[in-house]
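Visitor: All chains, full assembly: derive it from the sequences and hints.
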Amino acid sequence: MTKNVLGAVVVYGVLVLATVLTLIPVVWMVSTSFKTPEHVFTYPIEWLPDGLHWENYVTALTARPFGLYLLNSIVQSTVSMVISVVLCSAAGYSFAHFRYRGQDVMFIIVLSTLMIPFEVIAVPLYLQIHLWGWDNTYPGLILPTGLTAIGIFIMRQYLLGIPSDFIESARIDGGSEIQILTRVIWPLSTPALSAVAIFTFVYVWNSYLWPLLVVNQDSMRTLPLGMALFANELTVSYNRIMAVAVFGALPLVLLFLALQRNFVRGIALTGLREG
Amino acid sequence: MNAHRRFHLRYQTRIALWGFVFALPAVLYLLVFSIFPMLQALLLSFTRYDLMSPPEFVGFANYVALLSEENFLHSLGITLIYVFGTVIPVWFFSFGVALLLTKVRVFAGGWRTLLFIPTILPLLSVTLVWKLLFNLRGVVNAILLPFGVAPIAWLTDARYANLALIITSWWHATSYYMILFLAGLQAVPIVYQEAAALDGANAWQRLRHVILPLMWPTIVLVVVLSIINGFRTFALQYVMTKGGPGNATEIVPLLIYKTAFAFLDMGGATAMSVVYFLLILAFSLVQLRIMQGNRND
Amino acid sequence: MLDRKRFAIAVGILLALTLVLSGCVPVAQAPAGEQQAAPAGEKTKITFWHHTYTVATDWMRGKIAEYEKMNPNVEIELVEYPHGDYEVKLLAAIAAGDPPDIINLLDYLFPKYNAKGLLAPVDPAAFGVADQQGVLDLFEKPALDGMTFDGNVYGVPAEFNTFVIFGNGEHFKEIGLDPSDPNICPKTWTDFFDLAKKLEKRDASGNVERMGFNWVWGLDLFWYAQEFWSGSRQYGCEVIGADGKAAINSPQCVQMFEETWYNLIKDGMGGPALASPNPVYAFQDFMDGRQSMVIGGPWAPAAWRDNAPKVYENYFVCPHPQLDPTNPKSFIHTYALAVSANSKNASEAWKFLNYLTSDPGDMLKQAGYINGRVGWMDTPEAKATTGIDIMQQDYKNGAFVWRSETFTEEGEAIKNAIETFAQDGNVQAALDKAAEEINKARGQ
Numbered sequence: 020m021t022k023n024v025l026g027a028v029v030v031y032g033v034l035v036l037a038t039v040l041t042l043i044p045v046v047w048m049v050s051t052s053f054k055t056p057e058h059v060f061t062y063p064i065e066w067l068p069d070g071l072h073w074e075n076y077v078t079a080l081t082a083r084p085f086g087l088y089l090l091n092s093i094v095q096s097t098v099s100m101v102i103s104v105v106l107c108s109a110a111g112y113s114f115a116h117f118r119y120r121g122q123d124v125m126f127i128i129v130l131s132t133l134m135i136p137f138e139v140i141a142v143p144l145y146l147q148i149h150l151w152g153w154d155n156t157y158p159g160l161i162l163p164t165g166l167t168a169i170g171i172f173i174m175r176q177y178l179l180g181i182p183s184d185f186i187e188s189a190r191i192d193g194g195s196e197i198q199i200l201t202r203v204i205w206p207l208s209t210p211a212l213s214a215v216a217i218f219t220f221v222y223v224w225n226s227y228l229w230p231l232l233v234v235n236q237d238s239m240r241t242l243p244l245g246m247a248l249f250a251n252e253l254t255v256s257y258n259r260i261m262a263v264a265v266f267g268a269l270p271l272v273l274l275f276l277a278l279q280r281n282f283v284r285g286i287a288l289t290g291l292r293e294g
Numbered sequence: 002m003n004a005h006r007r008f009h010l011r012y013q014t015r016i017a018l019w020g021f022v023f024a025l026p027a028v029l030y031l032l033v034f035s036i037f038p039m040l041q042a043l044l045l046s047f048t049r050y051d052l053m054s055p056p057e058f059v060g061f062a063n064y065v066a067l068l069s070e071e072n073f074l075h076s077l078g079i080t081l082i083y084v085f086g087t088v089i090p091v092w093f094f095s096f097g098v099a100l101l102l103t104k105v106r107v108f109a110g111g112w113r114t115l116l117f118i119p120t121i122l123p124l125l126s127v128t129l130v131w132k133l134l135f136n137l138r139g140v141v142n143a144i145l146l147p148f149g150v151a152p153i154a155w156l157t158d159a160r161y162a163n164l165a166l167i168i169t170s171w172w173h174a175t176s177y178y179m180i181l182f183l184a185g186l187q188a189v190p191i192v193y194q195e196a197a198a199l200d201g202a203n204a205w206q207r208l209r210h211v212i213l214p215l216m217w218p219t220i221v222l223v224v225v226l227s228i229i230n231g232f233r234t235f236a237l238q239y240v241m242t243k244g245g246p247g248n249a250t251e252i253v254p255l256l257i258y259k260t261a262f263a264f265l266d267m268g269g270a271t272a273m274s275v276v277y278f279l280l281i282l283a284f285s286l287v288q289l290r291i292m293q294g295n296r297n298d
Numbered sequence: 395m396l397d398r399k400r401f402a403i404a405v406g407i408l409l410a411l412t413l414v415l416s417g418c419v420p421v422a423q424a425p426a427g428e429q430q431a432a433p434a435g436e437k438t439k440i441t442f443w444h445h446t447y448t449v450a451t452d453w454m455r456g457k458i459a460e461y462e463k464m465n466p467n468v469e470i471e472l473v474e475y476p477h478g479d480y481e482v483k484l485l486a487a488i489a490a491g492d493p494p495d496i497i498n499l500l501d502y503l504f505p506k507y508n509a510k511g512l513l514a515p516v517d518p519a520a521f522g523v524a525d526q527q528g529v530l531d532l533f534e535k536p537a538l539d540g541m542t543f544d545g546n547v548y549g550v551p552a553e554f555n556t557f558v559i560f561g562n563g564e565h566f567k568e569i570g571l572d573p574s575d576p577n578i579c580p581k582t583w584t585d586f587f588d589l590a591k592k593l594e595k596r597d598a599s600g601n602v603e604r605m606g607f608n609w610v611w612g613l614d615l616f617w618y619a620q621e622f623w624s625g626s627r628q629y630g631c632e633v634i635g636a637d638g639k640a641a642i643n644s645p646q647c648v649q650m651f652e653e654t655w656y657n658l659i660k661d662g663m664g665g666p667a668l669a670s671p672n673p674v675y676a677f678q679d680f681m682d683g684r685q686s687m688v689i690g691g692p693w694a695p696a697a698w699r700d701n702a703p704k705v706y707e708n709y710f711v712c713p714h715p716q717l718d719p720t721n722p723k724s725f726i727h728t729y730a731l732a733v734s735a736n737s738k739n740a741s742e743a744w745k746f747l748n749y750l751t752s753d754p755g756d757m758l759k760q761a762g763y764i765n766g767r768v769g770w771m772d773t774p775e776a777k778a779t780t781g782i783d784i785m786q787q788d789y790k791n792g793a794f795v796w797r798s799e800t801f802t803e804e805g806e807a808i809k810n811a812i813e814t815f816a817q818d819g820n821v822q823a824a825l826d827k828a829a830e831e832i833n834k835a836r837g838q
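Chains as they are written, first to last, in our numbering: chain Y, 20 to 294; chain B, 2 to 298; chain A, 395 to 838.
Among the hints, a few may not be true.
As the list claims (entries may be wrong) - Taking CB as the label site, the calculated pair distances span:
#1 Y/Tyr157 x A/Glu460: 52 to 62 Å
#2 B/Leu74 x A/Gly570: 55 to 65 Å
#3 A/Tyr706 x B/Leu40: 50 to 60 Å
#4 B/Tyr161 x A/Lys660: 52 to 62 Å
#5 B/Gly97 x Y/Glu74: 48 to 58 Å
#6 B/Tyr161 x Y/Val39: 15 to 25 Å
#7 A/Lys567 x B/Arg160: 52 to 62 Å
#8 B/Val192 x Y/Arg118: 26 to 36 Å
#9 A/Ala823 x B/Pro26: 52 to 62 Å
#10 Y/Tyr157 x B/Gly60: 34 to 44 Å
#11 B/Leu68 x A/Glu603: 47 to 57 Å
#12 A/Lys567 x Y/Tyr157: 50 to 60 Å
#13 B/Pro152 x Y/Asp69: 49 to 59 Å
To be verified - Some, not all, of what chain Y presents toward chain B, calculated at C-beta under 10 Å:
#14 Trp47
#15 Thr55
#16 Ile64
#17 Ser113
#18 Phe126
#19 Leu133
#20 Val139
#21 Ala168
#22 Ser208
#23 Ala214
#24 Pro243
To be verified - To list a few chain A residues with every Cβ distance to chain Y over 12 Å, as calculated:
#25 His445
#26 Thr451
#27 Tyr475
#28 Lys483
#29 Ala486
#30 Asp544
#31 Asn546
#32 Asn577
#33 Phe616
#34 Ile659
If you are wondering where the hints come from, they were derived from the structure by calculation, not from laboratory data.
Ideal placement from N, C-alpha and C gives every residue a C-beta, glycine not left out.
Guide: So, in structure tokens, the structure goes:
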């Protein structure tokens with residue numbers, strides 16, 4: 020690819036613009052978390068805090084057991100992420116590279132689970148979980164929302180882009196089906212696996228209605244529940260709410276930083292041109 | 002000969018069986034935790050149920066009532082405006098940004114992380130921030146002022162509230178689908194693009210004839226998924242406008258939530274979601290059919 | 395894979411951090427009673443769900459500890475939920491057949507919950523009286539009115555509120571009025587809005603910099619009901635007419651909304667566009683000094699204590715504006731505590747509620763709640779509250795919002811109407827639509 024100066028200017032210029040637009044709300048959020056209450060709702064908007072008021076974080080985070088909430092959220096999201104990555108990759112692989120009866124119907128059924136608003140199945144689901152005695156337990160919290168069809172859809176579409184010959188040759192080489200999944204498919208699909216991991220983690224991390232219904236004890240609350248409790252106090256000011264919000268975003272940022280290199284690891288498909 | 006064919010068939014069957022086995026755990030999981038409650042919701046749509054007393058069977062009464070329920074039709078309209086107002090620009094924004102991201106060498110990881118931040122921020126905080134940005138004297142109006150646009154009371158003005166929500170959605174969704182496009186762009190080997198360049202194709206032709214065709218499954222993914230996700234939107238409207246002013250931004254999921262938990266009409270709410278579900282299903286099936294031709298790419 | 399390792403390290407650090415943090419933080423649930431040597435046999439366990447308000451729930455936890463010490467075989471578990479989510483959570487629990495023993499309900503929900511048989515009547519013995527009338531006599535009239543059906547009482551107030559005007563003393567001084575002089579209080583709506591205009595500040599281009607007064611916009615249906623109910627009563631506006639049909643679009647109602655709500659927008663003095671967008675704190679503009687007057691309940695000043703001390707030191711109270719000052723009418727409501735009908739420990743729960751509400755002075759001082767128990771107005775804590783005499787008047791002149799089993803649908807229709815006429819000024823049309831929806835909800 021030829022890179023001329025104009026092209027580079029356009030590319031970086033657009034990226035800078037996109038980044039600035041993306042970060043405006045974030046800057047306000049972080050900045051507000053360091054402000055004193057009077058500076059929060061000013062007109063015109065104050066972009067920089069009047070000083071780094073770290074005490075906002077201290078006061079906010081010790082007002083409720085946020086450490087505990089964070090722990091519950093991490094457990095909930097991590098387990099969901101693992102479940103999703105494993106099961107969705109297997110299912111996506113199945114839908115992309117296998118032929119069997121009822122396959123199309125199964126895929127439509129999978130996709131259809133995305134088409135009903137969760138709010139409507141929340142109550143029947145809760146009644147079921149309650150019947151099993153899973154209130155306030157990790158299984159009750161994690162399992163019902165642990166897998167979403169989005170992951171299956173992502174994996175399927177991505178794997179459709181991998182030529183079947185690749186898999187066939189692995190079979191000929193004597194690999195078992197499981198080995199093919201773990202040693203061929205997974206390494207080839209790290210971008211998609213990372214996407215599924217991130218999306219599942221973030222989706223579960225942000226989920227509110229389900230944890231609300233399942234959790235009856237403070238010790239089992241997840242971070243969004245804790246944040247809402249905190250934010251709904253009549254006496255709490257916005258700067259501290261934002262402090263908690265920034266705190267709640269950190270694990271997600273960390274996770275993304277750990278995984279983001281996978282989004283550009285190219286697949287070495289150059290060797291596949293035979294056949 | 003016969004034995005050879007039989008072996009071949011048994012081999013095919015074995016492979017097919019494995020395929021089935023691979024899909025099974027996920028499908029079973031969804032059956033238990035999604036399909037089963039969905040069926041229960043379907044059953045509830047034939048009852049009158051207020052959560053406080055046991056459901057009583059009323060046949061199709063809820064569905065008949067829906068026909069004359071102008072709130073539902075109104076909500077459908079608002080939802081369609083929201084969904085297509087959001088996704089169509091987002092397809093282009095996110096693809097464009099993803100493409101650009103593949104071309105940068107300097108600070109690549111940094112750009113990616115920064116641009117992905119909207120997706121990883123807690124939705125509650127994001128919406129609270131945007132509420133402030135859309136205030137009469139907030140940032141959005143400040144940006145528009147030099148262009149001669151008088152300050153708009155975005156979220157409290159029925160004419161603009163939906164647009165405000167759509168703009169917020171652009172910000173949020175672009176980052177989300179950018180990642181999917183990025184992942185999909187990995188499926189386009191550099192060698193193909195280089196070969197095309199060597200053959201004299203310019204950037205535009207490379208895009209049209211190399212990148213897009215190879216990325217087709219990803220494009221299908223983003224188009225179909227973005228529309229499905231758009232129809233599922235809830236938290237954004239719930240926090241930013243609660244469907245207001247009046248019911249100007251009351252998308253269907255919000256109406257369903259209100260009908261179920263505020264008006265205690267689970268029968269009505271589930272009936273609405275069944276109809277909504279059928280609409281989205283039909284829509285998605287048509288889309289998939291069009292975009293994927295027959296089942297195999 | 396290398397990235398998995400980085401991820402694992404990151405998670406490990408985070409986990410370590412959280413464990414440290416969770417160790418440093420007081421866990422909200424410290425069941426004081428559990429360590430007691432319980433006598434052999436079952437402990438009576440009571441679950442109590444309350445909405446989020448740390449000042450009050452902290453105080454309640456103290457009372458729980460005291461009660462458990464006095465009754466070692468009783469264990470009470472208090473869990474809080476955000477106000478907006480409380481009903482959802484409660485409904486799910488009811489649907490599962492497992493509601494908490496003590497629930498925290500706004501008074502407007504009592505008709506519906508009672509009609510569905512979800513509430514247990516008060517146990518007079520728990521309150522040390524002989525019958526329901528005895529219970530009624532324990533609280534100032536009309537605190538229990540909204541929660542009494544067929545002579546049976548179904549809840550006791552945790553909060554008993556009226557709405558008054560709170561003013562920013564410094565702003566009043568700026569325009570030459572002395573906040574300590576009770577005569578500066580506006581008597582009629584006209585006085586009130588004139589005063590608001592005087593307090594208003596605009597910048598060079600005519601934009602409002604400081605509002606004299608603004609209603610609270612964009613919150614839930616009950617918030618709107620709280621705000622317009624006094625005006626409704628004064629103007630003779632009824633939500634439901636004597637015939638059971640909607641009357642919200644009557645000429646009186648139209649007049650009320652035009653003269654006390656839409657006028658703010660028409661004159662550019664207030665309205666939803668000018669209000670700050672904080673969805674959780676209603677009086678953000680007042681607290682930040684961008685508004686000179688608010689109409690709110692006695693619970694409001696507690697927020698200013700920590701967040702806006704200057705406002706807290708300088709606020710003063712005026713009675714709610716009246717259409718006819720010789721015939722004052724105002725609004726009251728309770729955030730009440732009730733017991734579930736199928737609770738196995740109803741009597742014990744009521745005993746605890748009696749204990750909780752028995753010292754109104756202490757409750758007011760620590761929790762900021764007025765609970766309406768007889769004699770509360772004479773406690774030293776009450777006397778020390780700014781504007782208490784004004785509030786007491788409004789209590790006497792107050793009445794609950796309209797009672798209806800379909801209150802939610804009706805309130806929602808009115809909310810939509812208000813937000814609609816705020817856009818286009820057509821109050822009659824908006825109220826007509828609300829009347830239609832109300833009739834539909836009532837099956838008319």
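Visitor: Are the hints correct? Go through all of them and say.
Guide: Results of checking the hints against the structure:
1. Y/Tyr157 x A/Glu460: 52 to 62 Å: With Cβ atoms ~34 Å apart, the hint is violated.
2. B/Leu74 x A/Gly570: 55 to 65 Å: Check passed, 56 Å falls within 55 to 65 Å.
3. A/Tyr706 x B/Leu40: 50 to 60 Å: About 56 Å separates the Cβ atoms of tyrosine 706 of chain A and leucine 40 of chain B, which means 50 to 60 Å holds.
4. B/Tyr161 x A/Lys660: 52 to 62 Å: violated (20 Å)
5. B/Gly97 x Y/Glu74: 48 to 58 Å: For glutamate 74 of chain Y against glycine 97 of chain B, whose Cβ atoms are near 43 Å apart, the range 48 to 58 Å is violated.
6. B/Tyr161 x Y/Val39: 15 to 25 Å: holds (23 Å)
7. A/Lys567 x B/Arg160: 52 to 62 Å: Because 41 Å falls outside the window, the suggested range is violated.
8. B/Val192 x Y/Arg118: 26 to 36 Å: Once the Cβ atoms are compared, 30 Å apart, the range 26 to 36 Å for arginine 118 of chain Y and valine 192 of chain B holds.
9. A/Ala823 x B/Pro26: 52 to 62 Å: holds (57 Å)
10. Y/Tyr157 x B/Gly60: 34 to 44 Å: holds (41 Å)
11. B/Leu68 x A/Glu603: 47 to 57 Å: holds (51 Å)
12. A/Lys567 x Y/Tyr157: 50 to 60 Å: holds (58 Å)
13. B/Pro152 x Y/Asp69: 49 to 59 Å: violated (26 Å)
14. Trp47: Tryptophan 47 of chain Y check passes; min Cβ-Cβ to chain B is 6 Å, inside 10 Å.
15. Thr55: violated (17 Å)
16. Ile64: For isoleucine 64 of chain Y, the interface hint holds, since the closest Cβ of chain B sits about 6 Å away, which is under 10 Å.
17. Ser113: Cβ of serine 113 of chain Y sits 4 Å from chain B, so the hint holds.
18. Phe126: holds (9 Å)
19. Leu133: Holds: closest Cβ of chain B sits about 5 Å from leucine 133 of chain Y, inside 10 Å.
20. Val139: holds (4 Å)
21. Ala168: With Cβ-Cβ at 6 Å, under 10 Å, it holds.
22. Ser208: Constraint on serine 208 of chain Y satisfied, holds at 9 Å.
23. Ala214: holds (5 Å)
24. Pro243: holds (6 Å)
25. His445: violated (8 Å)
26. Thr451: Since the minimum Cβ distance to chain Y is about 10 Å, threonine 451 of chain A lies within 12 Å and the statement is violated.
27. Tyr475: The claim breaks: tyrosine 475 of chain A does not keep its Cβ more than 12 Å from every Cβ of chain Y (closest is about 8 Å).
28. Lys483: violated (6 Å)
29. Ala486: Violated, because the least Cβ-Cβ distance between alanine 486 of chain A and chain Y comes to about 5 Å, which does not exceed 12 Å.
30. Asp544: Non-interface label on aspartate 544 of chain A holds, nearest chain Y Cβ at 31 Å vs cutoff 12 Å.
31. Asn546: holds (29 Å)
32. Asn577: holds (31 Å)
33. Phe616: holds (15 Å)
34. Ile659: holds (19 Å)
Comparing the model with each numbered hint stated earlier shows that hints 1, 4, 5, 7, 13, 15, 25, 26, 27, 28 and 29 do not hold.
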